[in-house]
Amino acid sequence: MNYNPEMNNEKKFEDELFNSLKFYGYLFPENVSQIEAFEGLHNESIVNAPSINDILLLESGASVDNSINLEIGLAAYSSSDDTFLDIPEEDSEDPEKK
Amino acid sequence: MLNNSSLSGQAFEEFYNRFKDFVLILCRKCCSAFDNSNQLADDIFQHTFLKVLHKGYTFQKREVPGKEIYTPEIKSWLSRIAKNELINFLRKNPDEKVLMLQNRIRSQDLEIISHEPDKTDQEPIQSPSIQQDILEKGLSILSEEEKLVLMTYMLYYNRQSPNSHLPDEIIKTLTQKLGVKAGSLRQIKSRALQKIMKIKEQFPIT
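Those protein sequences? They're chains A and B, same order as listed. Those letters in the first sequence? Residues 96 to 193, by my numbering. Those letters in the second sequence? Residues 177 to 382, by my numbering.
Keep in mind that the hints were calculated from the coordinates and are not lab data. These numbers were taken from a predicted model, which means no experiment stands behind them. One thing to keep in mind: the hints can contain errors.
Straight line, CA to CA, 30 Å or less: simulated BS3-like cross-link-like pairs of lysine-lysine [claimed, not checked]:
| id | chain 1 | residue 1 | chain 2 | residue 2 |
| --- | --- | --- | --- | --- |
| 1 | B | K227 | B | K268 |
| 2 | A | K106 | B | K357 |
| 3 | A | K107 | B | K323 |
| 4 | A | K106 | B | K365 |
| 5 | B | K205 | B | K357 |
| 6 | B | K268 | A | K107 |
| 7 | B | K353 | A | K107 |
| 8 | B | K371 | A | K107 |
| 9 | B | K365 | A | K107 |
| 10 | A | K106 | B | K353 |
| 11 | B | K357 | A | K107 |
| 12 | B | K323 | B | K365 |
| 13 | B | K323 | A | K106 |
| 14 | B | K371 | B | K357 |
| 15 | B | K353 | B | K313 |
| 16 | A | K106 | B | K205 |
| 17 | B | K353 | B | K205 |
| 18 | B | K353 | B | K196 |
| 19 | B | K196 | B | K323 |
| 20 | A | K106 | B | K313 |
| 21 | A | K106 | B | K348 |
| 22 | B | K348 | A | K107 |
| 23 | B | K374 | B | K313 |
| 24 | B | K374 | A | K106 |
| 25 | B | K371 | A | K106 |
| 26 | B | K313 | A | K107 |
| 27 | B | K196 | B | K348 |
| 28 | A | K107 | B | K374 |
| 29 | B | K313 | B | K268 |
| 30 | B | K231 | B | K268 |
Work the whole structure out from these sequences, hints included.
Structure, rendered in structure tokens:
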């Protein structure tokens, strides 16, 4: 039986490294090139993400209709024409007061 | 830099719909090493978007003249949020895995469930034997190719079967991207491991 102590050390270290990467969250890609590489490898298209209502329901028990006064300046930012959505004036009001 | 303007729920919904698949795949892959990985991934996914909901205005972009689409930058930002959510979870649960949300959504079937931790299916999270600064130093000296190969192997690492191969489609994509033969991937991984091992030996645990 072949025994290669260096290889054995490497295997042991690989396990240590795996655990450390996992623990510190380094399995997540962090920059644009890593993101692009990740997407190139994992371009799966069939996933069952929850709806927006489900996400908001988790936090407050409220539906998305009650979250209209969100302080967020991001949502429409990434659209292909790089424009923001206009905010309908009525959206800034509490829908429950209507 | 984005304005801290008040936008509607419709705007957040559009943002959510645009990036939800990416974030869910990301969380599923990057949490796959944990037990209860799908549940953990779903929790990290949900917390990531809740963080965006409340802190989205903090997103800053570096203006690049002529550049109009910043989707990769936003994905990178989302990935960092997800990573921090995972780290926060591990900090709060150093000894055992207790899912983060009392009332949570299981994304596979959208069934709302009330979770009561089941002690029987949880295992302690092993403390890392490589210090974070040494790990960062080790990763920083790897070439892009070495880092990509190593991290891909790590995403598919199985402690019960450490010699298992990467999935065929991943090998195919990697070899095409890097222009190497399939047999070279293990050599590249081994080279990367050796480099990080050397860094660790230079900085023994104090």
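Hints, verified against the model:
{"no.": "1", "hint": "K227(B) - K268(B)", "verdict": "holds, 17 Å"}
{"no.": "2", "hint": "K106(A) - K357(B)", "verdict": "holds, 22 Å"}
{"no.": "3", "hint": "K107(A) - K323(B)", "verdict": "holds, 19 Å"}
{"no.": "4", "hint": "K106(A) - K365(B)", "verdict": "holds, 11 Å"}
{"no.": "5", "hint": "K205(B) - K357(B)", "verdict": "holds, 25 Å"}
{"no.": "6", "hint": "K268(B) - K107(A)", "verdict": "holds, 28 Å"}
{"no.": "7", "hint": "K353(B) - K107(A)", "verdict": "holds, 29 Å"}
{"no.": "8", "hint": "K371(B) - K107(A)", "verdict": "holds, 15 Å"}
{"no.": "9", "hint": "K365(B) - K107(A)", "verdict": "holds, 14 Å"}
{"no.": "10", "hint": "K106(A) - K353(B)", "verdict": "holds, 26 Å"}
{"no.": "11", "hint": "K357(B) - K107(A)", "verdict": "holds, 26 Å"}
{"no.": "12", "hint": "K323(B) - K365(B)", "verdict": "holds, 8 Å"}
{"no.": "13", "hint": "K323(B) - K106(A)", "verdict": "holds, 17 Å"}
{"no.": "14", "hint": "K371(B) - K357(B)", "verdict": "holds, 22 Å"}
{"no.": "15", "hint": "K353(B) - K313(B)", "verdict": "holds, 26 Å"}
{"no.": "16", "hint": "K106(A) - K205(B)", "verdict": "holds, 22 Å"}
{"no.": "17", "hint": "K353(B) - K205(B)", "verdict": "holds, 20 Å"}
{"no.": "18", "hint": "K353(B) - K196(B)", "verdict": "holds, 26 Å"}
{"no.": "19", "hint": "K196(B) - K323(B)", "verdict": "holds, 26 Å"}
{"no.": "20", "hint": "K106(A) - K313(B)", "verdict": "holds, 20 Å"}
{"no.": "21", "hint": "K106(A) - K348(B)", "verdict": "holds, 24 Å"}
{"no.": "22", "hint": "K348(B) - K107(A)", "verdict": "holds, 27 Å"}
{"no.": "23", "hint": "K374(B) - K313(B)", "verdict": "holds, 11 Å"}
{"no.": "24", "hint": "K374(B) - K106(A)", "verdict": "holds, 15 Å"}
{"no.": "25", "hint": "K371(B) - K106(A)", "verdict": "holds, 14 Å"}
{"no.": "26", "hint": "K313(B) - K107(A)", "verdict": "holds, 20 Å"}
{"no.": "27", "hint": "K196(B) - K348(B)", "verdict": "holds, 27 Å"}
{"no.": "28", "hint": "K107(A) - K374(B)", "verdict": "holds, 14 Å"}
{"no.": "29", "hint": "K313(B) - K268(B)", "verdict": "holds, 26 Å"}
{"no.": "30", "hint": "K231(B) - K268(B)", "verdict": "holds, 21 Å"}
Checked against the numbered hints given earlier, the structure satisfies every one of them.
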